[in-house]
Amino acid sequence: MPTSAEIRARARASLQGKWTGAVLTMLLYYVLVWVLAAINLIPFLGWIVELLLIGPLAMGLYAYFLELVRTNRTDSGHLFSGFAQFIDAFLLHVLMAIFVFLWSLLLIIPGIIASLRYSQAYFILRDNPSIGPLEAIRRSKELTAGHKGRLFVLILTFIGWIILGAIPFGIGLLWVYPYILTSMAHFYEDLRSRTQAATPPPPPPGYPGYAG
Numbered sequence: 172m173p174t175s176a177e178i179r180a181r182a183r184a185s186l187q188g189k190w191t192g193a194v195l196t197m198l199l200y201y202v203l204v205w206v207l208a209a210i211n212l213i214p215f216l217g218w219i220v221e222l223l224l225i226g227p228l229a230m231g232l233y234a235y236f237l238e239l240v241r242t243n244r245t246d247s248g249h250l251f252s253g254f255a256q257f258i259d260a261f262l263l264h265v266l267m268a269i270f271v272f273l274w275s276l277l278l279i280i281p282g283i284i285a286s287l288r289y290s291q292a293y294f295i296l297r298d299n300p301s302i303g304p305l306e307a308i309r310r311s312k313e314l315t316a317g318h319k320g321r322l323f324v325l326i327l328t329f330i331g332w333i334i335l336g337a338i339p340f341g342i343g344l345l346w347v348y349p350y351i352l353t354s355m356a357h358f359y360e361d362l363r364s365r366t367q368a369a370t371p372p373p374p375p376p377g378y379p380g381y382a383g
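First residue of the sequence shown? That's 172 in our numbering, and the numbers climb one at a time after it.
None of these hints come from the bench; they were simulated from the model.
Note that this is a predicted model, so its numbers are computed, not measured.
Just so it is clear, CB atoms sit at the ideal spot from N, CA and C, and this is done for glycine as well.
It is possible that some hints are incorrect.
Unchecked claim - If you anchor each label on the Cβ, the simulated ranges turn out as follows: (1) Gly343 x Arg363: 29 to 35 Å; (2) Ile213 x Ile258: 31 to 37 Å; (3) Ala180 x Pro214: 46 to 52 Å; (4) Ile219 x Leu305: 20 to 26 Å; (5) Arg365 x Phe251: 28 to 34 Å; (6) Phe272 x Ser247: 27 to 33 Å; (7) Glu177 x Gly331: 15 to 21 Å; (8) Ala209 x Ile280: 30 to 36 Å; (9) Gly317 x Ala209: 40 to 46 Å.
Hey, can you work out the whole structure from these sequences and the hints?
Here it is as structure tokens:
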């Protein structure tokens, strides 16, 4: 299975010649999040607006980088694709936040493990829009079984980049986060391909036990 260095190398290959679009999309996401943060200053109403929109925006961001990995296209319109699944994206964000918070009450480490366990849910819901948020979380738990350590190590390898990117007023993070999210999309693709390869094909018609 690919190492963290190999996953990062795949991400750099996907971003080659696409950095401008990825950075501009990240900037647009930043601006939208800042706008939501400003709206959040409005008592109660602002908090509701932010809660409603942050999930679909996050899902759109994941969809953008997954599309980049799969098709080598950078279309900022994908940033808003999460609104096509508004209710599910909103509920997914809320449910993951609740579950991670509850696990974190037991100590920090269970909360980190929960975050890793649910990390693929946005990708899964994007690929399977009919399954619903709880099923996406369940499938993410299955997909990451035995691979949470790999994912944790991959995330750790970006700590230095995050620190460097944050030094000049956080401007460098406009390049760091696309690198991270593209790597995450490649990690998801690797997990997905392994799951598909491990699933046996259905028996041919006429074979004993065939239920087609």
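* **In rising order, the numbers of the hints this structure does not comply with** => As far as the earlier hints go, only 2 is violated by this structure.
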